[in-house]
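Undergrad: The residues making up each chain are set out below.
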Amino acid sequence: MTREKLVIGAVLLAYALIPAFAPENIVHLMTITGIWIIIASGLNLLTGYMGYVSFGHAGFVGIGAYTSALLTLKFGMSFWAGALVASLFTALFGLLLGVAILRLSGIYFSIGTLILGEILYSIYYNWSPVTGGFMGLNVPPPELALPFMGNISFELMQWYYFVYLLVFLVVGGLKLLIDSHFGKEIIAIRENESLSQSLGVNINQRKSQCLAISCFLAGMGGALFGAFMGHVDPDSFSIAGSTEFITIIIIGGLASLMGPFFGAYVLITLSLYLEVLGKWRMVVYGLIIVFVMIYARSGIVGFLETIFKREFRK
Amino acid sequence: MFTFEIISQQVLNGLLTGTSYILIALGLTLIFGIYRMINMAHGAVYMWGAYFCHVFADTIGLNTYLAMAIAMVLAGLLSVGIERTVFRPLKGCPDWVALVAGLGLYYALENFGWIVLGPRELHIHALATQEVVRFWGLYANLQKVILAGICMATLVGTILVLKKTDMGRAMRAASADPEAAKLVGINTERMSMLVFFLGGAFAAAAGSLVGSLTSVAPGMGFRPMIIAFVIVVFGGMGSIMGTVVAGLLVGVLQNILAYAVTPKFAYCFTMLSLLTIFIIRPTGIFGEDK
Chain C
0 MTREKLVIGA
10 VLLAYALIPA
20 FAPENIVHLM
30 TITGIWIIIA
40 SGLNLLTGYM
50 GYVSFGHAGF
60 VGIGAYTSAL
70 LTLKFGMSFW
80 AGALVASLFT
90 ALFGLLLGVA
100 ILRLSGIYFS
110 IGTLILGEIL
120 YSIYYNWSPV
130 TGGFMGLNVP
140 PPELALPFMG
150 NISFELMQWY
160 YFVYLLVFLV
170 VGGLKLLIDS
180 HFGKEIIAIR
190 ENESLSQSLG
200 VNINQRKSQC
210 LAISCFLAGM
220 GGALFGAFMG
230 HVDPDSFSIA
240 GSTEFITIII
250 IGGLASLMGP
260 FFGAYVLITL
270 SLYLEVLGKW
280 RMVVYGLIIV
290 FVMIYARSGI
300 VGFLETIFKR
310 EFRK
Chain A
0 MFTFEIISQQ
10 VLNGLLTGTS
20 YILIALGLTL
30 IFGIYRMINM
40 AHGAVYMWGA
50 YFCHVFADTI
60 GLNTYLAMAI
70 AMVLAGLLSV
80 GIERTVFRPL
90 KGCPDWVALV
100 AGLGLYYALE
110 NFGWIVLGPR
120 ELHIHALATQ
130 EVVRFWGLYA
140 NLQKVILAGI
150 CMATLVGTIL
160 VLKKTDMGRA
170 MRAASADPEA
180 AKLVGINTER
190 MSMLVFFLGG
200 AFAAAAGSLV
210 GSLTSVAPGM
220 GFRPMIIAFV
230 IVVFGGMGSI
240 MGTVVAGLLV
250 GVLQNILAYA
260 VTPKFAYCFT
270 MLSLLTIFII
280 RPTGIFGEDK
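Quick mapping for you: the protein sequence lines, in order, are chains C and A. Quick note on numbering that gives the first Met the number 0: the first sequence kicks off at 0 and runs consecutively. Quick note on numbering that gives the first Met the number 0: the second sequence kicks off at 0 and runs consecutively.
Hints are supplied without guarantee of correctness; some may be wrong.
[Unchecked claim] Derived contacts from chain A toward chain C, CB cut-off under 7 Å, selection only:
{"id": "1", "residue": "P88"}
{"id": "2", "residue": "G103"}
{"id": "3", "residue": "L271"}
Hints were generated in silico from the structure; no laboratory data involved. Backbone N, C-alpha and C define an ideal beta-carbon position, used for all residues, glycine too.
Next comes chain C alone, as it looks inside the complex (with noise of 0.2 Å):
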């Protein structure tokens, strides 16, 4: 236990430390990779831990990203009434489209979600008056003003800490979540739905409230994703982008609260060498998607389990 926290203080002090030594660039990659790990981990909630792999989560993101967008853009809200609305919103959806969705499991829930990750992706790329179709919005930075301190402009620095503290504060609830009777109950549904129906998991209820959560840091990370690229266009929501983050949750390791951190790291460094080869990039990326599928299916964390011969996975 002890050991434990002290693994979690080293990660946390070299997290604090990383922007004084890193080049920008780097410090740049990382806070997406950070949002990245927020988008994740919802995902694995529901893909890991409960089993259900969702082929649509780019749009759920989108959501996020272009209702923020507007909120700001339209109403004149600040970015973070405007990402809280937007995160809350994304839930709500979640909630609802559970009632239908959910009723499908399996294979079938896969292809709904991708059925729907199509029609969100069509939806931003054609409701230009909106959306702005396939030119996209562009999203004004945020600013913060605190008392005592004045307005504080979000630079690179404030963003790449601003973003970890959400990481860190997501997979902390997580963890909770994940150790508490909800958790037991999504992972015995996981494992056989109607054995944990029968000894009285209210399924149904339990179900849409994951999706919600999910939907939720969805529709999170998507605000953020604008709100730091400055830009929001659909070419980031499409199935392209779903197969990406169910990618990364698998080269991480299903149903571990580390595998998001694994898999969005190795991907993102991956994307950064691969740019040496150039337009050959995206060939060689789709490859290793299918390599994984086929060869590293229990992921990075699968890995250390075999060499450490510990549970890390539930």
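Knowing the structure of chain C, use the given hints to seat chain A on it.
TA: Just chain A now, kept in the frame of chain C:
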């Protein structure tokens, strides 16, 4: 605006669009029947088929339909290669694993297409695209009628082979119960290769004909693949008759929506209506209850 002529013209257009979907979906259905896997790389085979046809018809200068036949063979071989390298090692895995792997492969093949095809749109020259057939006061592009004819011939051929020949019986046996089929001496691996070959060839035929009507581009395969995939699900996963009816329905639905609402949102509304039906009846319109 909604006169009988216009509506029937839209329905006819929809039926013709539907036949191209059926050709793509037929391959997916056959593959699903034997493999119990959804081949998400199918759209890339469709695109490469269209590109092969462009090379033989326009660069080399063969007759369009001869070029199409060669493209069908090449795309069939590509599809068999995909089966051997990607899908065979994934047999027995959870369904979604094949879905992700197929998507990954799709992106690899599409982006390889960007390198080979270049950013320009390519064309397949075919005289029939400029001819119009008139009957009962309705109009149809000759190439679309040829497409419908090829689709019908393929369908009838496939059904005859499946029902009447030994090979077809072996295929159906491998689909109904792979283990038992192996026990009675059916080479199920050869059957898998056969369905992947046929699936690739049918997709290439659709790709070549649609490519000659519009244009050939690396991203051309994604939407038709998603639509075909939905059609397979609606047809009850593995049923050929279901695929045909669902394909025609989706084609008509899309055309009517494009006319009645707006072409921009036709795809979106079609998908939305399909998702709604799908949620109500996950096993498809013709599928058996779970």
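Undergrad: Could you run down the list of hints and mark each one as holding or not?
TA: Each hint tested on the structure:
{"no.": "1", "hint": "P88", "result": "5 Å, holds"}
{"no.": "2", "hint": "G103", "result": "3 Å, holds"}
{"no.": "3", "hint": "L271", "result": "6 Å, holds"}
Every hint from the earlier list agrees with this structure, and none is contradicted.
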